[in-house]
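Undergrad: Chains as they are written, first to last, in full-length UniProt numbering: chain A, 1 to 403; chain B, 1 to 403; chain C, 1 to 403; chain D, 1 to 403.
Just so you know, the hints here were simulated from the structure itself, not pulled from any lab data.
Owing to the predicted nature of the structure, the values given are computational and were not obtained by experimental measurement.
A couple of the hints might just be wrong.
Because identical chains share one entry, a pair is satisfied inside a single copy or across any pair of copies.
Unchecked claim - Distance condition first, Cα-Cα at most 20 Å in a straight line; then the derived DMTMM-like pairs of lysine to aspartate or glutamate:
1. 250 to 213
2. 250 to 260
3. 233 to 223
4. 330 to 190
5. 330 to 25
6. 164 to 61
7. 24 to 374
8. 294 to 362
Protein chains: 4
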Amino acid sequence: MSNGTVVLAYSGGLDTSCILVWLKEQGYDVITYLANIGQDEDFEAARKKAESLGAKKVFIEDLRSEFVEDFIWPSVQANAVYEDRYLMGTAIARPCIARRQVEIARMESAQFVSHGATGKGNDQIRFELTCYALYPEVKIIAPWRIPEFYNRFRGRTDLMEYAKKHGIPVPVTPRAPWSMDANLMHISYESGILENPKSHAPADLYLMTKNPEDAPNVPDVLEIEFRKGFVAKASIQKYPLSLLLSPRGKHGVGRIDIVENRFIGMKSRGIYETPGGTVLLKAHLDIETFTMDKEVRRIKQGLGVKFSELVYNGFWYSPECDFVRHCIAKSQENVEGKVQLSIFKGQVYILGRESPKSLYNEELVSMDVQGDYDPCDASGFIRINAVRLREHCRLQGFSDPKP
Amino acid sequence: MSNGTVVLAYSGGLDTSCILVWLKEQGYDVITYLANIGQDEDFEAARKKAESLGAKKVFIEDLRSEFVEDFIWPSVQANAVYEDRYLMGTAIARPCIARRQVEIARMESAQFVSHGATGKGNDQIRFELTCYALYPEVKIIAPWRIPEFYNRFRGRTDLMEYAKKHGIPVPVTPRAPWSMDANLMHISYESGILENPKSHAPADLYLMTKNPEDAPNVPDVLEIEFRKGFVAKASIQKYPLSLLLSPRGKHGVGRIDIVENRFIGMKSRGIYETPGGTVLLKAHLDIETFTMDKEVRRIKQGLGVKFSELVYNGFWYSPECDFVRHCIAKSQENVEGKVQLSIFKGQVYILGRESPKSLYNEELVSMDVQGDYDPCDASGFIRINAVRLREHCRLQGFSDPKP
Amino acid sequence: MSNGTVVLAYSGGLDTSCILVWLKEQGYDVITYLANIGQDEDFEAARKKAESLGAKKVFIEDLRSEFVEDFIWPSVQANAVYEDRYLMGTAIARPCIARRQVEIARMESAQFVSHGATGKGNDQIRFELTCYALYPEVKIIAPWRIPEFYNRFRGRTDLMEYAKKHGIPVPVTPRAPWSMDANLMHISYESGILENPKSHAPADLYLMTKNPEDAPNVPDVLEIEFRKGFVAKASIQKYPLSLLLSPRGKHGVGRIDIVENRFIGMKSRGIYETPGGTVLLKAHLDIETFTMDKEVRRIKQGLGVKFSELVYNGFWYSPECDFVRHCIAKSQENVEGKVQLSIFKGQVYILGRESPKSLYNEELVSMDVQGDYDPCDASGFIRINAVRLREHCRLQGFSDPKP
Amino acid sequence: MSNGTVVLAYSGGLDTSCILVWLKEQGYDVITYLANIGQDEDFEAARKKAESLGAKKVFIEDLRSEFVEDFIWPSVQANAVYEDRYLMGTAIARPCIARRQVEIARMESAQFVSHGATGKGNDQIRFELTCYALYPEVKIIAPWRIPEFYNRFRGRTDLMEYAKKHGIPVPVTPRAPWSMDANLMHISYESGILENPKSHAPADLYLMTKNPEDAPNVPDVLEIEFRKGFVAKASIQKYPLSLLLSPRGKHGVGRIDIVENRFIGMKSRGIYETPGGTVLLKAHLDIETFTMDKEVRRIKQGLGVKFSELVYNGFWYSPECDFVRHCIAKSQENVEGKVQLSIFKGQVYILGRESPKSLYNEELVSMDVQGDYDPCDASGFIRINAVRLREHCRLQGFSDPKP
């Protein structure tokens, strides 16, 4: 008699292979599910492994295109950056993966979903909030939060032993002394030796970007076109998905080393590579400010900060994030045009921009021609803005403004 | 009979020399005032020029140290960035200059102040709001907004002619086809050929930073120490003011090319070099997030955006900017520690950080030890956060979340 | 030879009658325009007066219905309140009036518009920003800001004299010692004896609401239905426009006496009556919180504050206000249901509410049944929320929290 | 052998009496603690009851004055209102009570604290976050979240039986069909028959305020003085604590019936009476806007909203709430002066105000005198504000602004 069916987010690695077997031990039927979001993986090997370990069914799903369309593009529109630096390559992948997991669970009439995320991280939250939001009745099995599981598997050694005992193939190459998460947009590195915030990242850690010191000695110049705040089809045809991938990595763009605040209130150290995302952020910022009204942009900037917090915290599928995405998309209607930029040794330089919809008025702003502008108006503008300041000064009495 | 005394912000250049003479023509006694905020200038030559043109008195004031202490440090505390990119090297210099101008006006019992800023820019506002805020009774003479002046001097040729006629020394080297503003923190370039937002900046425009392509092939590694969000004395002794100056320029750090929104509602194109400021921003961001509570930082981030708007718009001396500065300074009490970073070919890389006051808890966040943390708590945390999302989903009825 | 055609916002009163004649003196053809937005006015008398004073054409436009549909309803959706108290009955009328004025100007090929608003107030700004936003080439004649006009008419006596001289009928009843502005939503009172912020408003000032002391001794109970955040048709049929008018005035609802901050930076004292608007605000707040997701509401609340500032300052027609209105309207999609309330002696009491779209779940929240809720989850929720607080306390060392 | 010592927040009622005995059953030594924050209670009877039930020690603490000083005044400064309506009389009492509870626990070397709050409410969070924030090592026993407890006591009947069995005095008067929480600032009512959001509150529910229909037929006029945003000593002497109590209740002020969003994501219906707090909020709002700079107020308003969310959610003792309180207090330095108001049948009317520190300038704002103001400046002010709007209109092409 089965205790029910579980859809397990399966990576093919040691942890989730042990979880697969352990779930079976607990009396569940296990369906494995592996999403292809552009990470470097032998998907067929993972399929075989899952089947050999007794998965009732195996799903390998290519989500790359919906990851780009539904998750990366809206983040570009939002200039999404968490705590001023992190481009959230992992955070936006989680709802994409979990959305499909829930679809499979519904399709397969599974009451349970499971994953191998740890109990201290953000990813457990991002996975599970998505599951609950899209499938409120689902039950979630998170082994790393179940005492019987985590007390049994206190370290890698315990997993290895269990693996050997249950015929789970054991990795032969030694594991890097940190953990990683990769997709077509970025790679993140954390924990292990990186937990000491003072110690520098080893040079061989980075897999997605070249060391800027070894990057080409000649800049790469490109032009990206936007339409409604999205990368335009023309640009995607010109730089197919590679926008998000290797060419920028070749230049060593998009490496950061930060300490960030997790949703659960811990500070953690993370190292990220987001080559294409960094280029897109800079390009989008440029075309957005070029075309969008100043005050609309100010409001939209606040919504973008909100969006980033929500996504980082796992609320991609929430009424408020839906609302914010809708508002941001509305703000992008005229964000259209071309940005020229150069990429060199880890840095992106904006060179110029043009747009059929810009509010930039060369004549109006010119120092050489007057345009439809009367400089005398500025006197009144300044004096009225000063009304309040002058009253304030008078009330205070004159005082030396130096601190 | 004099019409009164004017304190003129004098640069020694053609424009303000003509204004000096023109003001005398209008019957004013003119006191010239030239602030040294680190720009490359022959101050003694300027003094002699002003005297020879009939200035009643000449003030040359070295404000470099108060510019750093009172304006740059608070901006570093605020992570001050306008429209996500501009570090406001010009915007924070204006209140510094105008503050002293007003002090001189009070000291010399001058009822008037004057400046050579144009009628379309931000600087006129920054100068004048500071003047009104600190000297509410002052009268401001802004020749470039007075029809008799600007109709007489419609271009550089008119100024040259007037100069020749009035014995004003005329510059012999041809002027760059753009305008510039420099201080110890940055140089800005705008107008002229830069007014076409599509045209790339010429390579020889940049004066403060080296072309990253010609920058050293070996990174520079440094460590900056902060105390209360300021650069600590120890670091200032180690890298004396050079923090803000050439060494980082040597690496080509801090170049940006943007279109920004002026306070008066125009979009304008500006190119900026802020080598040291860029390094400090990145270092401060790192140590701030490392030491400051997550939610305090979130509130402080909003105040920093507000601060940037206020400063950009000329409201450094305003009740609200005083208030915001006070709040931000309060938030910095524990922002203390050392940041290690490397600088290479235009880019800044954070390498590590340490602090006696960090909320970072290596044991708590560790994936290898449990610390004072029960993973089971996360289940409750997630489920309670999902209460609202599940209700929402149920009310909507199940619907495909794909757009 | 005419200097051009002016569309003058004409009230029929002494001021704008003098302006009409004065504009003709200056060589303009004058078209008068009087909007009916529900104020108590003899529109036909005004028409005759304008004609007799030489208006080239007279427009009397009934804008009541578009005032309600296009301006009041969106303000109700936004819970629009300026500085926590003022419901902006005047502020939302101005763009309604000016929009039609500009339409007439375009239709009549008039290059000029004019109005009788003073040079210290908000209304000049609200009128003119609307005009510029919808007709960028328009020229505005604001006599109270033209020295030749305001120096000639330094007080009411000067206007009376001019009127007599030019055959302008002079009011026979003495003017109230304050100024007023009325429409179907509200009446405002300011200036004159009200300029002393300490002096109490005289009891006979109020024209729209009864003194609560004289209001009925029995509460009025009503039920208002909303749909998409608007008052539903059913309710409008039940309480036709009177929702916004007398019945609530009968109960003395909606009187406030405040000092507010004008856009131009002065503080001014205003007294307002907004009987129906006050009822609608309370009812809408209730149904909104009942139906809208908590976090959506939080974001929407911020947008509502922004909306109020924009509208108060005259930016109804601006890209940012369009954007904010769009976002707010989006948030209202599920704001649907009925609110029961009672009105008594100046106060509104919410009694109950119901909705087919509420996220309120009686079973879930019940103290008597458990619903789909596990109380144990709250422990984890609290403990995770405390992670950060405990770290903070430990870093600080124990200290007495008493100030 | 004891399992340790628990400090139990004890009310003297049936629930916490059962908890007391149950905790002893579980092997704990129980210290009871009852805070006097102005609720109507027989404290001596509660002491005897606790002693008779085996409390090891009994603390009855009079916190009324610190409740006012440390919690009510800062909330008045903040204009603290949750979701636009709730004045948070319960939310601010919780950290006051828990702070002392933790002090007692430390003093008595108790490792445990306990309370009788339910598992669905906000109060459990407010209590516990305070405890964790001030005593990070404390262990919390929340019986209503412990399955052995809540499964044993599924309703009032179970508690009654248990009480009878263990010699706990059983209340003789029938309980109201809702729950209540009272202190000197307010009473809240929720659950029971109030859980149906449509049903009206029974007239006899209200204990703190008179039915406005029965309130005096003559208004009460009073004057409240503020200093630094606090109620000034002079006013407290004049209206001793009664400010917060009965006289305003006599007029039926401060009744609201709302549906609010709990921190845990449920919507719940609450009815509140806050007579004095409502008067103080209106008075403080008036004097604050009268004295504070417009833009400071705008920023402070945002901080006040944040403060309200934090306090409602239980984060009174958190780094961010400390920070926000500090900033708000700073904003109040000039909030000084007297407000005259009248109270009548449930409503508060502001009549006038005066202050030695107001930015209100009667001459400046006067419609009759010009003051230090040039109306021509307003033209420039408006035209510069319109620059952006005109550009926008031109880019869009002319379009009918009607929706």
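Undergrad: Next, verify each hint and record whether it holds.
TA: A quick look at each hint next to the structure:
1. 250 to 213: both (11 Å within a copy, 16 Å between copies)
2. 250 to 260: neither (27 Å within a copy, 31 Å between copies)
3. 233 to 223: within (13 Å within a copy, 45 Å between copies)
4. 330 to 190: neither (36 Å within a copy, 32 Å between copies)
5. 330 to 25: neither (51 Å within a copy, 49 Å between copies)
6. 164 to 61: Neither, since 29 Å and 63 Å both go past 20 Å.
7. 24 to 374: neither (78 Å within a copy, 26 Å between copies)
8. 294 to 362: Within one copy only: 16 Å inside a chain, 35 Å across chains, cut-off 20 Å.
Hints 2, 4, 5, 6, 7 from the earlier list are contradicted by this structure; the remaining hints agree with it.
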